[in-house]
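Counting from 193, one number per residue, gives the positions in the sequence shown under the working numbering.
The set of hints was computed from the structure by calculation and includes no laboratory data. Please read all numbers here as calculations on a predicted model, not as lab measurements. Among the clues, some could well be false.
Unchecked claim - Calculated pairs, DSBU-like style, for lysine-lysine (alpha carbon to alpha carbon, straight line, at most 35 Å):
| no. | residue 1 | residue 2 |
| --- | --- | --- |
| 1 | Lys289 | Lys312 |
| 2 | Lys298 | Lys313 |
| 3 | Lys298 | Lys312 |
| 4 | Lys298 | Lys277 |
| 5 | Lys217 | Lys235 |
| 6 | Lys313 | Lys289 |
| 7 | Lys289 | Lys277 |
| 8 | Lys250 | Lys235 |
| 9 | Lys250 | Lys217 |
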Amino acid sequence: MAKREDFKMSESERRARRFSENFRKEKVRELELGLVQIRDLCKEYQVADMTVRRWIAKFGSMKGKKERVIVESQSDTLQLLELRKQVAELERIVGQKQLLIDFQQKMIELAEEHYQVDIKKKFSGSASNTSGTKEKR
Numbered sequence: 193m194a195k196r197e198d199f200k201m202s203e204s205e206r207r208a209r210r211f212s213e214n215f216r217k218e219k220v221r222e223l224e225l226g227l228v229q230i231r232d233l234c235k236e237y238q239v240a241d242m243t244v245r246r247w248i249a250k251f252g253s254m255k256g257k258k259e260r261v262i263v264e265s266q267s268d269t270l271q272l273l274e275l276r277k278q279v280a281e282l283e284r285i286v287g288q289k290q291l292l293i294d295f296q297q298k299m300i301e302l303a304e305e306h307y308q309v310d311i312k313k314k315f316s317g318s319a320s321n322t323s324g325t326k327e328k329r
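Between the sequences and the hints, there should be enough to build the whole structure, so can you do that?
Okay, here's the thing in C-alpha cells:
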C-alpha cells in the first residue's frame, strides 16, 4: 500500500505549482463555512500555513471589513450591564448633589445681598474652645 510520504513533492516542485483563483476561492469558502481547517488544507495540498492565510486575506468574505468579533460569557455581559446601571445611578446622585450645592450657594448670595451681612466667613486655622473636644481638668 502506498504511503503519504511516497506522494510528497519536493520543495522545487511545490514552488512551481500555481493554484487557480477559483480553487483558492473555493477553499477559502470551505474554511469560512467550517468544513475544513487550515492545518488540514496545509497537509492535503502541501502548502504553507502563510499561503492559506494569504488566500483568506485576499478572497475571504471579511476582506476589507474592519470588524472585530468579541466573545464574552453571559456572566460578563450581566456584570457589564449591572456596572452600567450603577454608573448611571451614581451620575444621577452626583447631579442631584451638584444642584443642591448650586441652590445653597445662590441662597447664600441672595441672603448676603438682602441682609447686607457677610455670611461666608473666612475662618482662621485655629479651632474654637467649643469645637467639641474634651479636655481633662
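Of the numbered hints stated previously, which ones are contradicted by the structure, given in increasing order? The structure breaks none of the hints.
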